[in-house]
Amino acid sequence: MASEIIMPQMGYDMKEGKVVRWLKTEGDTIERGEIIAEIETDKAVVEMEAYAEGLLRSIITKEGDSVPVGSVIGYIGTADEVIPEPDTKASSSDASSGSDPKEQESTPSQITDTTTVNSEVRASPIAKKLAKDLNVDLSTVKGTGPGNRITKEDVLAAKDSTASVISNQLVSKGHDSEGHLPVGSEKELSKMRLAVAKVTTQSKQEIPHFYVSVDIDMTHSVETRKQLNEKLAGQIKVSINDLIVKACAQALKKYPSFNSVYVDGKIKTAADINIGIAIALEQGLIMPAITNCQNKSIPEISIASKDLIDRANQGVLKGDEYTSGTFSVSNLGMFDVDNFIAIIYPGQSAVLAVGTIRSKPVVENNQIMIRSIMHATVSVDHRVSDGAEAAKFIGEVKYYLENPISLMLD
Amino acid sequence: MPTITIREALTKGLKEALDKDPSVFIMGEDIGPYGGAYAVTKGFLEEYGAERIKDTPIAESVMVGAGTGAAMGGMKPVVELMTINFGLLAMDQIVNHAAKIRYMSGGQFSVPLIIRAVTGGGGGLAATHSQCLEGWFASVPGLKVATPATPYDALGLLRSSFEDNNPILFAEHALIYGVKGEVPEDYYTVPFGKAETVIEGSSVSLIAYSRMVHVATEAAAELAKDGISCEVIDIKTLRPFDIESVANSVRKTNRAVVVEEAWKTGGFGAEIASQIQEVAFEDLDGPILRICGEEVPQPYNKKLEAMSIPDAAKVVSSVKSHFSL
Numbered sequence: 001m002a003s004e005i006i007m008p009q010m011g012y013d014m015k016e017g018k019v020v021r022w023l024k025t026e027g028d029t030i031e032r033g034e035i036i037a038e039i040e041t042d043k044a045v046v047e048m049e050a051y052a053e054g055l056l057r058s059i060i061t062k063e064g065d066s067v068p069v070g071s072v073i074g075y076i077g078t079a080d081e082v083i084p085e086p087d088t089k090a091s092s093s094d095a096s097s098g099s100d101p102k103e104q105e106s107t108p109s110q111i112t113d114t115t116t117v118n119s120e121v122r123a124s125p126i127a128k129k130l131a132k133d134l135n136v137d138l139s140t141v142k143g144t145g146p147g148n149r150i151t152k153e154d155v156l157a158a159k160d161s162t163a164s165v166i167s168n169q170l171v172s173k174g175h176d177s178e179g180h181l182p183v184g185s186e187k188e189l190s191k192m193r194l195a196v197a198k199v200t201t202q203s204k205q206e207i208p209h210f211y212v213s214v215d216i217d218m219t220h221s222v223e224t225r226k227q228l229n230e231k232l233a234g235q236i237k238v239s240i241n242d243l244i245v246k247a248c249a250q251a252l253k254k255y256p257s258f259n260s261v262y263v264d265g266k267i268k269t270a271a272d273i274n275i276g277i278a279i280a281l282e283q284g285l286i287m288p289a290i291t292n293c294q295n296k297s298i299p300e301i302s303i304a305s306k307d308l309i310d311r312a313n314q315g316v317l318k319g320d321e322y323t324s325g326t327f328s329v330s331n332l333g334m335f336d337v338d339n340f341i342a343i344i345y346p347g348q349s350a351v352l353a354v355g356t357i358r359s360k361p362v363v364e365n366n367q368i369m370i371r372s373i374m375h376a377t378v379s380v381d382h383r384v385s386d387g388a389e390a391a392k393f394i395g396e397v398k399y400y401l402e403n404p405i406s407l408m409l410d
Numbered sequence: 001m002p003t004i005t006i007r008e009a010l011t012k013g014l015k016e017a018l019d020k021d022p023s024v025f026i027m028g029e030d031i032g033p034y035g036g037a038y039a040v041t042k043g044f045l046e047e048y049g050a051e052r053i054k055d056t057p058i059a060e061s062v063m064v065g066a067g068t069g070a071a072m073g074g075m076k077p078v079v080e081l082m083t084i085n086f087g088l089l090a091m092d093q094i095v096n097h098a099a100k101i102r103y104m105s106g107g108q109f110s111v112p113l114i115i116r117a118v119t120g121g122g123g124g125l126a127a128t129h130s131q132c133l134e135g136w137f138a139s140v141p142g143l144k145v146a147t148p149a150t151p152y153d154a155l156g157l158l159r160s161s162f163e164d165n166n167p168i169l170f171a172e173h174a175l176i177y178g179v180k181g182e183v184p185e186d187y188y189t190v191p192f193g194k195a196e197t198v199i200e201g202s203s204v205s206l207i208a209y210s211r212m213v214h215v216a217t218e219a220a221a222e223l224a225k226d227g228i229s230c231e232v233i234d235i236k237t238l239r240p241f242d243i244e245s246v247a248n249s250v251r252k253t254n255r256a257v258v259v260e261e262a263w264k265t266g267g268f269g270a271e272i273a274s275q276i277q278e279v280a281f282e283d284l285d286g287p288i289l290r291i292c293g294e295e296v297p298q299p300y301n302k303k304l305e306a307m308s309i310p311d312a313a314k315v316v317s318s319v320k321s322h323f324s325l
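Residue numbers (my numbering), protein chains in the order written: chain A, 1 to 410; chain B, 1 to 325.
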């Protein structure tokens with residue numbers, strides 16, 4: 001039987017994906033594991049592997065089209081296999097008619113034709129009536145019914161958003177009844193911004209955050225980093241952030257609560273320590289993970305981190321790199337900030353936020369000394385842990401960064 | 001309130017009429033000493049005598065013709081067709097005579113005739129004894145067609161039939177004679193042309209009659225588990241058909257599904273769907289779905305037979321996929 005090529009779910013909140021590019025055409029031979037297409041998720045363009053081998057028999061979703069996760073976007077099979085009809089809505093009484101291969105080959109293109117050529121709005125009768133009554137422009141409504149037909153619910157949802165647009169327009173025209181400032185401009189959110197909006201809102205609504213902060217004396221870490229980079233002689237350039245990731249990995253081994261997730265009354269602790277690093281892109285924020293940090297040395301973490309950052313900037317990260325994080329580090333050190341607190345990524349239980357390292361006077365043994373101080377705050381899911389344990393955890397991170405030689409021992 | 005079966009409800013209704021009205025008599029094959037193929041008239045011969053409980057030859061045309069004549073002559077006959085399939089032999093008597101005499105005689109004659117007929121498949125009786133033909137009769141002006149699903153309605157509609165002055169086809173599904181339900185001791189009737197909301201719901205209207213009311217009810221319970229709230233409407237009589245109640249339900253749910261055991265092409269479900277779109281088109285949120293019997297002569301093979309008749313699982317999956325729910 002021919003194998004279905006399925007739109008994969010790359011991220012727990014991914015609902016649909018867009019086929020950006022097919023790297024193969026119908027009839028091409030495909031090896032298992034070969035990259036066959038590029039898929040755009042909410043956050044990035046990722047490469048998609050084939051899970052079967054054979055010929056690319058049929059492309060169902062054409063380039064530029066978005067389909068829900070789990071949809072069949074094509075088929076891989078042998079040359080003489082019969083490929084199933086893409087539309088399952090075919091009348092059952094007609095299904096028994098003989099299968100003409102020519103007819104079947106033409107089916108996918110017919111399907112795509114109707115989606116592109118048919119510019120007329122497909123809406124149910126009640127949707128049309130409601131749209132008229134509620135003054136909703138159906139051409140702006142996205143249909144979620146069979147064949148993307150606009151349903152009653154779609155119109156009601158559109159009406160809600162239209163209402164907010166109208167109120168915004170009123171505001172911008174000076175009709176502000178609630179004393180809001182007039183709106184200067186308005187723009188649609190990018191896919192990535194929408195995803196960030198959704199994920200952070202969900203996190204703040206569902207996860208009861210609490211925060212514990214410390215000042216960490218980074219003097220030794222700064223010196224250690226310098227020595228390491230001299231020793232590595234330009235082959236690898238270790239960053240302060242790499243040391244922080246390593247310190248977190250060590251602390252997480254001792255305090256696995258912070259490498260866990262709360263799910264339905266249970267705490268599930270991850271087998272591996274995968275530390276997500278926040279990367280700011282022009283379009284928004286992403287948190288790809290450095291996997292298996294428990295087994296990685298500082299240079300190995302450094303290599304993995306640089307690779308993630310490079311590929312994130314090129315937009316070619318793989319799907320599981322977005323979703324495999326078990327703990328995260330967010331570093332705004334380069335932006336000259338004293339301190340900030342971060343929002344926990346859903347699916348994790350903690351995130352560490354660090355600011356800029358500054359020379360500060362500190363009192364040690366009754367003497368004022370100048371040290372390199374970094375402010376760090378851990379945000380923790382209160383369902384998973386409490387303040388006392390969080391204090392011990394961040395204390396452990398602090399210990400490793402203040403005594404970086406101990407980071408070399410594993 | 002006593003709980004009785006549909007069979008007992010029909011027996012009660014027939015006895016009541018025989019006791020009350022000396023012009024009532026019953027004709028049919030094997031209804032006498034044998035007590036009826038489905039035992040509805042068991043013991044009637046002993047109680048009411050051969051004068052009023054008449055066993056007939058295997059001659060449906062004669063049975064209905066004689067019944068029509070007797071009705072014209074002032075009697076109140078009940079003709080039992082062992083199955084609705086045998087009604088094909090009496091088609092001319094039913095459609096061209098019983099149904100038309102009142103009209104064609106300018107009201108000089110009326111035909112207060114009740115034709116009880118066993119309908120439906122699923123009993124392993126093969127292609128010629130398993131059909132649901134009540135929809136055919138429902139297209140004939142001059143006839144009324146009752147299709148009860150519960151003991152309460154079986155008795156109530158039978159009483160209304162005895163009170164009616166017109167020929168009535170009373171279709172009893174073979175597989176639901178044993179269905180139990182509460183029936184009050186006090187006299188009541190169930191009117192023709194009045195549907196009932198069996199289950200209230202908000203998202204989908206499941207419209208059915210006779211045995212399919214039970215299938216729809218079972219499906220509604222399944223769909224409720226997935227958060228899909230179904231309203232189940234029992235239309236009870238095909239002619240007259242209560243489009244207003246059906247349309248009101250669709251105006252609420254915006255989604256209409258007809259569940260019918262008969263074949264899809266030209267079935268009564270097609271009539272229901274058509275009338276819905278005539279009066280409630282603008283309230284629909286998708287095409288009306290018909291879930292019907294497969295378009296094949298009913299197979300004798302038990303598994304194939306089961307596959308040819310809609311069941312709850314088929315209703316559940318069809319509703320979900322049709323409306324993307």
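None of these hints come from the bench; they were simulated from the model.
None of the values given here were measured: they were computed from a predicted structure.
Just so you know, not all the hints are guaranteed correct.
Stated by the list, open to error - Computed from the model, here is a short list of chain B residues facing chain A with C-beta under 7 Å:
(1) 242
(2) 243
(3) 244
(4) 254
(5) 278
(6) 281
(7) 286
(8) 324
C-beta atoms are modelled at their ideal positions from N, C-alpha and C, and glycine is treated no differently.
Hint check results:
{"no.": "1", "hint": "242", "verdict": "violated, 22 Å"}
{"no.": "2", "hint": "243", "verdict": "violated, 17 Å"}
{"no.": "3", "hint": "244", "verdict": "violated, 18 Å"}
{"no.": "4", "hint": "254", "verdict": "holds, 5 Å"}
{"no.": "5", "hint": "278", "verdict": "violated, 12 Å"}
{"no.": "6", "hint": "281", "verdict": "holds, 5 Å"}
{"no.": "7", "hint": "286", "verdict": "holds, 6 Å"}
{"no.": "8", "hint": "324", "verdict": "holds, 5 Å"}
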